[in-house]
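Those sequence lines, one after another, are chains A and B.
For the first sequence, our numbering begins at 9 and goes up steadily by one.
For the second sequence, our numbering begins at 9 and goes up steadily by one.
The reader is advised that the hints may include incorrect statements.
One copy or any two copies: either way a pair holds, since identical chains are not told apart in the list.
Stated by the list, open to error - Straight-line Cα separation of at most 20 Å, EDC-like style, residue types lysine to aspartate or glutamate; simulated pairs:
id: 1; residue 1: 346; residue 2: 357
id: 2; residue 1: 88; residue 2: 241
id: 3; residue 1: 346; residue 2: 156
id: 4; residue 1: 346; residue 2: 447
id: 5; residue 1: 346; residue 2: 289
id: 6; residue 1: 372; residue 2: 410
id: 7; residue 1: 372; residue 2: 244
id: 8; residue 1: 88; residue 2: 390
Simulated from the structure, these hints should not be mistaken for laboratory data.
Everything numeric in this text was worked out from a predicted model, so none of it was measured.
There are 2 protein chains.
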Amino acid sequence: MNGAVEFPLDLAELSFRAAGESLVRRSVLPSGVRIVSEHVPGSRSLTIGYWVAVGSRDEEPGHFGSTHFLEHLLFKGTAKRTALDIAIAFDSVGGEHNAMTAKEYTCYYAKVQDRDLPMAVEVLTDMLTSSLLDPVEFENERGVILEELAMADDDPSDVANERFFEAVMGEHPLGRPIGGSPDTIRAATHAAVQDHYRANYRPQDLVVTVAGAVDHDVLVAGVTRALTMAGWDLSEYAAPVGRRSGSPATISPGARLTIVPRPLEQANLLMGFPGLLATDDRRVTMSVLNSIFGGGMSSRLFQEMRERRGLAYSVYSFAPGYSDAGLFGMYAGCTPAKTGQVAELMLSELHRLAEHGVTADEMKRASGQLSGASALALEDSDTRMSRLGRSEITLGEFVDLDEALRRLALVTAADVQALAAGLAAGPMSIAAVGALQPDAFAAILPDTICS
Amino acid sequence: MNGAVEFPLDLAELSFRAAGESLVRRSVLPSGVRIVSEHVPGSRSLTIGYWVAVGSRDEEPGHFGSTHFLEHLLFKGTAKRTALDIAIAFDSVGGEHNAMTAKEYTCYYAKVQDRDLPMAVEVLTDMLTSSLLDPVEFENERGVILEELAMADDDPSDVANERFFEAVMGEHPLGRPIGGSPDTIRAATHAAVQDHYRANYRPQDLVVTVAGAVDHDVLVAGVTRALTMAGWDLSEYAAPVGRRSGSPATISPGARLTIVPRPLEQANLLMGFPGLLATDDRRVTMSVLNSIFGGGMSSRLFQEMRERRGLAYSVYSFAPGYSDAGLFGMYAGCTPAKTGQVAELMLSELHRLAEHGVTADEMKRASGQLSGASALALEDSDTRMSRLGRSEITLGEFVDLDEALRRLALVTAADVQALAAGLAAGPMSIAAVGALQPDAFAAILPDTICS
Numbered sequence: 009m010n011g012a013v014e015f016p017l018d019l020a021e022l023s024f025r026a027a028g029e030s031l032v033r034r035s036v037l038p039s040g041v042r043i044v045s046e047h048v049p050g051s052r053s054l055t056i057g058y059w060v061a062v063g064s065r066d067e068e069p070g071h072f073g074s075t076h077f078l079e080h081l082l083f084k085g086t087a088k089r090t091a092l093d094i095a096i097a098f099d100s101v102g103g104e105h106n107a108m109t110a111k112e113y114t115c116y117y118a119k120v121q122d123r124d125l126p127m128a129v130e131v132l133t134d135m136l137t138s139s140l141l142d143p144v145e146f147e148n149e150r151g152v153i154l155e156e157l158a159m160a161d162d163d164p165s166d167v168a169n170e171r172f173f174e175a176v177m178g179e180h181p182l183g184r185p186i187g188g189s190p191d192t193i194r195a196a197t198h199a200a201v202q203d204h205y206r207a208n209y210r211p212q213d214l215v216v217t218v219a220g221a222v223d224h225d226v227l228v229a230g231v232t233r234a235l236t237m238a239g240w241d242l243s244e245y246a247a248p249v250g251r252r253s254g255s256p257a258t259i260s261p262g263a264r265l266t267i268v269p270r271p272l273e274q275a276n277l278l279m280g281f282p283g284l285l286a287t288d289d290r291r292v293t294m295s296v297l298n299s300i301f302g303g304g305m306s307s308r309l310f311q312e313m314r315e316r317r318g319l320a321y322s323v324y325s326f327a328p329g330y331s332d333a334g335l336f337g338m339y340a341g342c343t344p345a346k347t348g349q350v351a352e353l354m355l356s357e358l359h360r361l362a363e364h365g366v367t368a369d370e371m372k373r374a375s376g377q378l379s380g381a382s383a384l385a386l387e388d389s390d391t392r393m394s395r396l397g398r399s400e401i402t403l404g405e406f407v408d409l410d411e412a413l414r415r416l417a418l419v420t421a422a423d424v425q426a427l428a429a430g431l432a433a434g435p436m437s438i439a440a441v442g443a444l445q446p447d448a449f450a451a452i453l454p455d456t457i458c459s
Numbered sequence: 009m010n011g012a013v014e015f016p017l018d019l020a021e022l023s024f025r026a027a028g029e030s031l032v033r034r035s036v037l038p039s040g041v042r043i044v045s046e047h048v049p050g051s052r053s054l055t056i057g058y059w060v061a062v063g064s065r066d067e068e069p070g071h072f073g074s075t076h077f078l079e080h081l082l083f084k085g086t087a088k089r090t091a092l093d094i095a096i097a098f099d100s101v102g103g104e105h106n107a108m109t110a111k112e113y114t115c116y117y118a119k120v121q122d123r124d125l126p127m128a129v130e131v132l133t134d135m136l137t138s139s140l141l142d143p144v145e146f147e148n149e150r151g152v153i154l155e156e157l158a159m160a161d162d163d164p165s166d167v168a169n170e171r172f173f174e175a176v177m178g179e180h181p182l183g184r185p186i187g188g189s190p191d192t193i194r195a196a197t198h199a200a201v202q203d204h205y206r207a208n209y210r211p212q213d214l215v216v217t218v219a220g221a222v223d224h225d226v227l228v229a230g231v232t233r234a235l236t237m238a239g240w241d242l243s244e245y246a247a248p249v250g251r252r253s254g255s256p257a258t259i260s261p262g263a264r265l266t267i268v269p270r271p272l273e274q275a276n277l278l279m280g281f282p283g284l285l286a287t288d289d290r291r292v293t294m295s296v297l298n299s300i301f302g303g304g305m306s307s308r309l310f311q312e313m314r315e316r317r318g319l320a321y322s323v324y325s326f327a328p329g330y331s332d333a334g335l336f337g338m339y340a341g342c343t344p345a346k347t348g349q350v351a352e353l354m355l356s357e358l359h360r361l362a363e364h365g366v367t368a369d370e371m372k373r374a375s376g377q378l379s380g381a382s383a384l385a386l387e388d389s390d391t392r393m394s395r396l397g398r399s400e401i402t403l404g405e406f407v408d409l410d411e412a413l414r415r416l417a418l419v420t421a422a423d424v425q426a427l428a429a430g431l432a433a434g435p436m437s438i439a440a441v442g443a444l445q446p447d448a449f450a451a452i453l454p455d456t457i458c459s
């Protein structure tokens, strides 16, 4: 093939060869379970992920943090396996094994050698289907999660990031921290987490993706057997859970300026604007913009803020996208007394991009960077496994490297400038953590609010 | 081969096939430049590193932090390339490009696709040989480094780690922070950094290692040409700089207890003992011990502190080794009020290991974990590139996977217990950052000091 392949929810079987000679196969079982694999020739290992498309944004008031709480509990034991058994299964073969809770999905994954795929399928299936959610373990894990939140609270860039999402997204559910807050975790009830488990870990929710040394037929047989042994009735028909709407939500940003005063050496500064949806056609333009603006050592932000002015060690831009919203942000860690100046300079760099555009050299360089980095990234089976999950859960299509490069080649300097102008015209939010004066941003905030 | 291959400093050419069918070749040029490559069949990319065996431990009083300062400056431009040119070279092909300063070496590295090897050789050679060390850039970079140190100072686990090394190593140069301190960086002079450059970046210091899609002859020709074009006289004979002594230094630990008071949610606790040299025959025993004690989710520390008691989110042990000293440490992030209890529990776990040893199951699991993880790690060319550098600079021998597994199989439960007993009998040091009472460790410190 050479292009994008759609992943229709009502198509039982799909198979195609992607760029780079990998073989992608996808099965939608009658029960709604989806299994997607990418066989990479010559590979000796694989990464496997079990996904459900539920994340922190789906939580109801009173249950913030319950998705992440549940993720923790799934490691705590099943009817067949204690927490130690689960840990031993992966540790004893030297595998990596973890999970992540995001705003729109939860993923349990493992990286193992090819011979260990049957074990990974069996243990991950057991965890996902048959968690005990033992009440004693529940209380124990509450303590662990409170420590995890405390650790994040002691990390000023984490704090700035959470306040920044709140600022840009306002009351939209994407604005909330993924893990909840100490208050919501202290208040979490066993029943609520159990409800969450029952409601969101059904056959029609489950997506299994594997990349690397994998045979699709063996994988499907193994997953089916393991799910059946866990008591799931796979003969009962269910349509896979549909993808989220790709229509932009109405976002009313929160506070224009959030300062979290802390007695620190550095200020952690984030400023930015509403951005693009994950499914926006301009995502590839955003990649180019981000590469040129703040994506590497040759980017404008790095060159201006670090190389020429020595104002920051870490400085970059980023542009996460979700089903109905996105954001564009700029980060710098800098001396507290210079934070206003740094904010002004970063903003003026964005305005320069919006007003004067980018050079042909920059376009060429960004194209080289994105294509080269993609090729290198695809050497890791975890990148490929995640691409499959993203294709199934978020995009509804699989985009191989050739197609990604074709789309990249179509982006023009004018596209990048137009996108920059659109971003810069949005409502700006600032979140900063550090020993800052309340008037640190006086020079830029009034103008921006008026723009 | 099946075994370890020595890397004698006076041997011009060496070539052998390592386990897993990779081909290792090593050339020692008459000028003392060493070039080591590992060709991995089927690979499409590579990682390349330029090493010099000088690190923070080699700095003289008054110049602490100069190794790291110099590492930064090498990115700032040569006679042929500006800082932007250097950044563009790697960014425009999507490569990764960075450097690290360690206690006993400095390494500049890049990961690129196979076609980009000539560029990587040219740019890295230019950086290493022909840095301008421009005085204006020097002042700019001083600001960047001060920001880097400020960032580290705002990270409580970084702070705890630096205080912990000082505590265990005392006045030994390995005890010093790699980056120096804000005071030494403010006091750093251009002349001192320039002296450091001239003294330590000579042909006999340079080690180039490459793993992945690399042809050794092409590599040697490319490096030789680039060094010659940079004005290095490779015809002049020089013996490669010898490896550091592998004899244990006499260590007088520093403060038994260091508490850095900070108004944080968590305490960052590190406690530990002098450990093993990098070249100690018992390093493989240490790997087994660390795997069982605090190396993964099935380890004793993780199970006891997190799974059973819910006292910590992050908890582990670690055992870095250097040429003449090493250490063994245990880390936990926990609630400040429970820090004394956590310290007590971790210490009692170590004593339990020392007194009662490990089970056959644990031995088997550790062996599986270490061999599986090694196999997975060798899929990344950066792991292989680092192994070559370590073989050349630290060990003086190359140990392939088969030989590593053979050595692993020889480790007995009695070895592990004896090592644990040896560690636990050493002088214990504690470093903690957080909102702690001065008497937080009253219960364990007096006993430990007497033991």
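So, going through the hints one by one against the coordinates:
Only within a single protomer do residue 346 and residue 357 lie at most 20 Å apart by alpha-carbon distance; the minimum there is 17 Å, versus 48 Å between protomers. Taking CA atoms no more than 20 Å apart as the test, residue 88 paired with residue 241 passes inside one copy only; the shortest distance there is 19 Å, against 68 Å between copies. With identical chains, the CA atoms of residue 346 and residue 156 are at most 20 Å apart between copies only, with a shortest distance of 15 Å across copies and 31 Å within one. Taking the shortest alpha-carbon separations for residue 346 and residue 447, only the intra-copy value of 12 Å comes in at or below 20 Å, while the best inter-copy value is 39 Å.
In the homo-oligomer, the alpha carbons of residue 346 and residue 289 never lie at most 20 Å apart, since the shortest distance is 38 Å inside one protomer and 52 Å across protomers. When the C-alpha separation of residue 372 and residue 410 is checked against a cutoff of 20 Å, the pair qualifies only within one copy, where the shortest distance is 17 Å, while the shortest distance between copies is 45 Å. When the C-alpha separation of residue 372 and residue 244 is checked against a cutoff of 20 Å, the pair qualifies neither within a copy, at 53 Å, nor between copies, at 43 Å. Neither within a single protomer nor between protomers do residue 88 and residue 390 lie at most 20 Å apart by alpha-carbon distance, with minima of 28 Å and 39 Å respectively.
Going through the hint list in order, the structure does not satisfy hints 5, 7 and 8.
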